[in-house]
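Modelling step: build the complete structure from the supplied sequences, incorporating the hints.
Each residue of the sequence shown is one higher than the one before, starting from 35 at the first, in my numbering.
Just so you know, these hints were derived from the structure itself, not from any lab.
Backbone N, C-alpha and C fix where the C-beta goes; we use that ideal spot for every residue, glycine too.
Fair warning: there could be bad hints in the mix.
In silico DSS-like cross-links for lysine-lysine, where the CA-CA straight-line distance does not exceed 25 Å [unchecked claim]: (1) K84 / K110; (2) K78 / K57; (3) K118 / K78; (4) K118 / K70; (5) K78 / K132; (6) K92 / K110; (7) K70 / K108; (8) K84 / K60; (9) K60 / K110; (10) K78 / K38; (11) K110 / K70; (12) K84 / K118; (13) K132 / K57; (14) K84 / K38; (15) K118 / K60; (16) K108 / K84; (17) K60 / K132; (18) K57 / K118; (19) K84 / K57; (20) K127 / K110; (21) K70 / K57; (22) K108 / K129; (23) K78 / K92; (24) K78 / K127; (25) K38 / K118; (26) K129 / K110; (27) K92 / K118.
Ranges between beta-carbon positions, derived for each pair [as the list claims (entries may be wrong)]: (28) V93 / Q69: 19 to 29 Å; (29) G99 / P121: 16 to 26 Å; (30) S41 / Y77: 14 to 24 Å.
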Amino acid sequence: MAQKIFSELTNLESRHILFATIKNHKSIQDISREQKIPLSSVYKRMESLKECSLIHEKVDFSENGRVTRYYQSKIKDIEISITKFDPIIRFTKNKLMKND
Numbered sequence: 035m036a037q038k039i040f041s042e043l044t045n046l047e048s049r050h051i052l053f054a055t056i057k058n059h060k061s062i063q064d065i066s067r068e069q070k071i072p073l074s075s076v077y078k079r080m081e082s083l084k085e086c087s088l089i090h091e092k093v094d095f096s097e098n099g100r101v102t103r104y105y106q107s108k109i110k111d112i113e114i115s116i117t118k119f120d121p122i123i124r125f126t127k128n129k130l131m132k133n134d
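Written out as structure tokens, the structure reads:
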């Protein structure tokens, strides 16, 4: 799992998504527009970030019953070091994360 997380964190789009969602939940459309990342790429990266448990997903319903998903980073920052060919990844939990 550490290798998968390391691989995900080396992806520039994934890092943009994580750090764009530290303070608030955002929809995929908002992330795409703000970070200038194609929607298809945001969807793909979001699935990988969820698999790695790096992002929180919140489901909300609009007045017309439409489902909207919002995402927020579970981490505030990351420290990566490599010793004897193995990556060591340290996370700081995002204390701004809203679990609603």
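Here's how the hints hold up against the structure:
no.: 1; hint: K84 / K110; verdict: 16 Å, holds
no.: 2; hint: K78 / K57; verdict: 22 Å, holds
no.: 3; hint: K118 / K78; verdict: 31 Å, violated
no.: 4; hint: K118 / K70; verdict: 37 Å, violated
no.: 5; hint: K78 / K132; verdict: 23 Å, holds
no.: 6; hint: K92 / K110; verdict: 18 Å, holds
no.: 7; hint: K70 / K108; verdict: 22 Å, holds
no.: 8; hint: K84 / K60; verdict: 14 Å, holds
no.: 9; hint: K60 / K110; verdict: 16 Å, holds
no.: 10; hint: K78 / K38; verdict: 15 Å, holds
no.: 11; hint: K110 / K70; verdict: 21 Å, holds
no.: 12; hint: K84 / K118; verdict: 28 Å, violated
no.: 13; hint: K132 / K57; verdict: 9 Å, holds
no.: 14; hint: K84 / K38; verdict: 12 Å, holds
no.: 15; hint: K118 / K60; verdict: 38 Å, violated
no.: 16; hint: K108 / K84; verdict: 10 Å, holds
no.: 17; hint: K60 / K132; verdict: 12 Å, holds
no.: 18; hint: K57 / K118; verdict: 35 Å, violated
no.: 19; hint: K84 / K57; verdict: 18 Å, holds
no.: 20; hint: K127 / K110; verdict: 6 Å, holds
no.: 21; hint: K70 / K57; verdict: 19 Å, holds
no.: 22; hint: K108 / K129; verdict: 8 Å, holds
no.: 23; hint: K78 / K92; verdict: 17 Å, holds
no.: 24; hint: K78 / K127; verdict: 23 Å, holds
no.: 25; hint: K38 / K118; verdict: 18 Å, holds
no.: 26; hint: K129 / K110; verdict: 8 Å, holds
no.: 27; hint: K92 / K118; verdict: 39 Å, violated
no.: 28; hint: V93 / Q69: 19 to 29 Å; verdict: 22 Å, holds
no.: 29; hint: G99 / P121: 16 to 26 Å; verdict: 44 Å, violated
no.: 30; hint: S41 / Y77: 14 to 24 Å; verdict: 18 Å, holds
Taken one by one, the earlier hints fail for this structure at numbers 3, 4, 12, 15, 18, 27 and 29, listed in ascending order.
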